[in-house]
Amino acid sequence: MSKLSLFEKFDWDQIGADVLTHVVQVVLLTALFYLLNLFGQKLINKTTTHYLNKESTSNNRVSTIRSLLKNILLYTLLIFYVYTILTVLGVPVGTLVASAGIASLAIGLGAQGFVNDVVTGFFILVEQQFEVGDLVTVSGINGTVVALGLRTTQVRSADGTLHYIPNRNISIVANFSRGHRQQIVNLRVAADTNIPKLEDVLRTVNQQLFESTDELLIEPELLGVNVLANGNLVYQIKVTPQQGAEIAMQRLLVSHYLPELKKIGITLPSNTLNLQG
1 MSKLSLFEKF DWDQIGADVL THVVQVVLLT ALFYLLNLFG QKLINKTTTH YLNKESTSNN
61 RVSTIRSLLK NILLYTLLIF YVYTILTVLG VPVGTLVASA GIASLAIGLG AQGFVNDVVT
121 GFFILVEQQF EVGDLVTVSG INGTVVALGL RTTQVRSADG TLHYIPNRNI SIVANFSRGH
181 RQQIVNLRVA ADTNIPKLED VLRTVNQQLF ESTDELLIEP ELLGVNVLAN GNLVYQIKVT
241 PQQGAEIAMQ RLLVSHYLPE LKKIGITLPS NTLNLQG
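Residue numbering for the sequence shown follows UniProt numbering, starting at 1 and increasing by one per position.
Derived from the structure by calculation, the hints contain no laboratory data.
Quantities reported herein were computed from a predicted structural model and do not represent experimental measurements.
Warning: the hint list may mix true and false statements.
Between beta-carbon pairs, the in silico distance windows are [as the list claims (entries may be wrong)]: (1) I172 / V19: 54 to 62 Å; (2) E211 / G265: 50 to 58 Å; (3) D214 / F39: 39 to 47 Å; (4) G140 / A229: 21 to 29 Å; (5) L223 / Y75: 48 to 56 Å; (6) A248 / L32: 46 to 54 Å.
Here a beta-carbon is modelled for each residue, glycine too, at the ideal position from N, C-alpha and C.
Take the sequences, apply the hints, and build the full model.
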């Protein structure tokens with residue numbers, strides 16, 4: 001009888017009404033913040049596209065700015081969303097934060113790392129160290145930048161692996177998409193190779209490819225015979241291709257060199273190709 005009396009002490013109608021009210025509020029707030037994020041994303045896309053059409057700005061830079069603005073919007077809305085939901089549910093957020101003690105210290109340390117990430121990301125953007133689409137080496141990782149966010153930079157390596165690098169860990173950046181990157185193609189040659197005949201073939205192929213493709217900025221330059229550190233004897237050709245076409249042009253040149261050299265009886269040693277950036 002006492003248990004029944006205890007059960008009857010609760011105002012279940014009021015409890016049910018409160019729960020339903022909170023559920024409705026959470027659903028409405030979730031929908032509101034979702035719509036705000038959707039509207040903000042579209043506004044950012046429209047604004048950056050208009051900026052791209054109006055100003056003489058590269059697509060990569062606009063993509064980088066767009067990515068960063070979307071990150072700022074997402075994190076800002078997420079913070080306000082969590083705070084609003086907790087407030088609606090009656091959780092005293094201010095009191096909890098003030099009395100958290102060790103938790104506050106942990107949050108503070110986490111916030112410090114977050115601030116470092118944001119500040120570093122800001123300077124990367126302002127200084128234009130790299131942009132979305134650039135070929136870079138960051139923290140020892142080679143690949144193409146696919147996103148620059150508030151906390152992390154995403155780099156996709158040649159094998160398809162996507163690396164998430166905290167911005168605060170980025171100290172030295174090698175950007176291969178700035179300016180025109182020159183490559184040295186090293187063709188291994190034998191000691192008794194007829195160098196004048198070799199050079200005649202290389203010049204002919206270089207001229208033909210330079211005239212037939214837009215990927216070469218200037219005609220490849222013959223540098224001559226050299227000895228590498230490993231003792232291999234090589235003939236070096238300097239290539240200046242368009243950005244992003246470095247490897248493709250090196251392969252194209254060599255694929256044309258080999259059959260033409262074979263026609264005049266010049267056979268190159270195995271492992272004939274060596275590339276230097």
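Status of each hint after checking the structure:
1. I172 / V19: 54 to 62 Å: Cβ of I172 to Cβ of V19: about 55 Å, so the range 54 to 62 Å holds.
2. E211 / G265: 50 to 58 Å: 26 Å, violated
3. D214 / F39: 39 to 47 Å: At 42 Å between Cβs, range holds.
4. G140 / A229: 21 to 29 Å: Roughly 23 Å apart at Cβ, these two residues keep to the hinted range, so it holds.
5. L223 / Y75: 48 to 56 Å: With a Cβ separation near 51 Å, L223 and Y75 satisfy 48 to 56 Å, so the hint holds.
6. A248 / L32: 46 to 54 Å: 50 Å, holds
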